[in-house]
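Protein sequences appear in the order of chains S and Z.
Start counting the first sequence at 1; every next residue gets the next number (our numbering).
Start counting the second sequence at 1; every next residue gets the next number (our numbering).
Hints listed in this document are in silico derivations from the structure and should not be mistaken for laboratory results.
Ideal Cβ placement from N, Cα and C applies to all residues, glycine included.
Each hint should be verified, as a subset may be incorrect.
[Claimed, not checked] Ranges between beta-carbon positions, derived for each pair:
(1) Asp74(Z) to Ala119(S): 47 to 57 Å
(2) Cys95(Z) to Glu138(S): 30 to 40 Å
(3) Glu42(S) to Gly164(Z): 51 to 61 Å
(4) Val60(S) to Lys222(Z): 21 to 31 Å
(5) Asp218(Z) to Gln129(S): 32 to 42 Å
(6) Gly141(S) to Leu208(Z): 45 to 55 Å
(7) Ala10(S) to Lys162(Z): 45 to 55 Å
(8) Glu165(Z) to Gly94(S): 27 to 37 Å
(9) Glu42(S) to Glu203(Z): 57 to 67 Å
(10) Gln70(Z) to His194(S): 25 to 35 Å
(11) His194(S) to Gly41(Z): 28 to 38 Å
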Amino acid sequence: MIDKFVRSAAEAVDGVKDGATVLVGGFGAVGQPLTLIDALIEQGAKDLTIVANNAGVGRVGLARLLDLGRVRKVICSFPRSSDPVVFEELYKAGRIELEIVPQGTLAERLRAAGAGIPAFFTPTAYGTQLADGKEVREIGGRSCVLETALQGDVALVECWKADRWGNLTFRDSGRNFNPVMATAATLTVAQSQHVAELGALDPETVVTPGVYVDRVVHVPYGDP
Amino acid sequence: MNEADAMPGTRPASKPLTRGEMAARAARDIPEGWYVNLGIGMPTLIANYVPFDREVIFHSENGILGMGPQPEPDKINRWLVNAGKQHVTLRPGGCYFHHADSFAMIRGGHLDLCVLGAFQVAENGDIANWATTSESAPAVGGAMDLCVGAKNLWVVMEHTTKAGESKLVRRCSYPLTALGCVTRIYTNLAVLEVTPEGFVVTEMIPGLSFQELQSRTDAPLKLAC
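Please construct the entire structure, taking both the sequences and the accompanying hints into account.
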């Protein structure tokens with residue numbers, strides 16, 4: 001019997017290695033797998049590359065992982081937030097690398113990784129600092145920049161409902177980066193608000209098919 | 001009184017528009033049926049000035065079409081935020097999708113309009129709106145994708161900086177967001193089209209002369225016929 005549920009968040013993030021590239025879902029705080037991030041903090045992996053839209057708020061979650069000196073590099077589109085204190089401190093002190101990626105290019109680089117596309121051309125960022133050093137080609141009359149797929153070793157995602165095969169549904173704008181990150185990592189771990197019996201999820205509503213998901217942990221923290 | 005509530009008729013002649021008035025002016029020009037993305041900051045206010053019965057479908061980068069206004073304080077859904085991470089609502093007919101689909105919509109040319117703020121717009125349509133040299137950590141968000149992907153790109157911004165420097169320039173001095181993509185600008189002094197011949201003024205606030213507008217603008221202006 002297939003059962004991708006694990007008993008604890010610690011078990012969910014077991015085996016994440018030093019130097020790993022970790023994809024972290026969420027847009028701001030919405031849809032962010034906070035319990036898995038906390039578990040990663042406890043787990044101890046260091047020298048990480050974090051791929052996320054933002055670089056943490058306040059001193060908890062992703063910001064705490066940064067604060068503990070466990071992150072070598074952040075790849076994101078928007079490191080600012082309402083309270084980006086930790087990231088700003090590290091960045092000003094030169095203690096963290098930053099790769100800024102246009103948000104759509106970030107999403108597409110992840111999608112490409114999940115879809116087996118090693119690189120693609122896009123007009124986004126042509127003629128800007130973010131295209132410096134990248135191959136440029138004119139295609140169909142538009143100047144385009146070559147961008148490479150962004151593959152993770154681990155993806156940490158948050159979902160609304162999951163079944164034991166790892167089929168996932170999402171809630172409102174909590175979907176955001178989670179489904180695309182789920183496709184783009186060697187090990188995909190989901191924290192789910194609810195557990196669904198196998199067959200209980202309407203197949204038409206499954207956003208992330210279980211083929212992409214390796215482990216699920218049930219983390220209920222209340223309905224909206 | 002909220003600045004957004006100020007009535008145009010109560011202003012002395014030649015008083016620059018407030019942020020609310022600029023948003024309202026841009027909102028007037030958005031036709032029913034358009035799919036529209038509003039940038040964070042002043043452009044977000046535009047949604048407040050599109051009447052509910054003029055069906056404009058607002059897109060948010062984080063995976064929403066048919067985004068509605070802010071909820072009442074007791075009806076907040078903490079799973080539903082806009083690109084600025086503010087709580088919003090979903091109109092009947094609205095839907096959700098993930099980030100790669102959201103940006104496929106943007107980059108694939110499916111949105112009719114994007115309205116952004118900017119530090120500078122150049123007479124050739126170049127826009128600089130994501131970084132200034134003074135900032136420690138740059139942050140681009142979805143601006144570069146929106147600029148190259150939307151069918152129309154409008155900018156809503158003050159005509160000059162607080163120091164009085166023109167934001168409509170011959171060439172941008174700040175890092176570029178995208179090249180040659182701005183089609184129209186709404187400032188607190190005027191409405192301008194970006195054309196192959198440069199900035200063309202189509203509207204000015206009452207009491208302001210073309211010469212006065214030109215004197216506050218770095219790039220040369222033309223008056224629409």
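Against the structure, the hints come out as follows:
no. : hint                               : verdict
1   : Asp74(Z) to Ala119(S): 47 to 57 Å  : holds, 49 Å
2   : Cys95(Z) to Glu138(S): 30 to 40 Å  : holds, 36 Å
3   : Glu42(S) to Gly164(Z): 51 to 61 Å  : holds, 54 Å
4   : Val60(S) to Lys222(Z): 21 to 31 Å  : violated, 54 Å
5   : Asp218(Z) to Gln129(S): 32 to 42 Å : violated, 22 Å
6   : Gly141(S) to Leu208(Z): 45 to 55 Å : violated, 40 Å
7   : Ala10(S) to Lys162(Z): 45 to 55 Å  : holds, 52 Å
8   : Glu165(Z) to Gly94(S): 27 to 37 Å  : holds, 31 Å
9   : Glu42(S) to Glu203(Z): 57 to 67 Å  : holds, 60 Å
10  : Gln70(Z) to His194(S): 25 to 35 Å  : holds, 28 Å
11  : His194(S) to Gly41(Z): 28 to 38 Å  : holds, 36 Å
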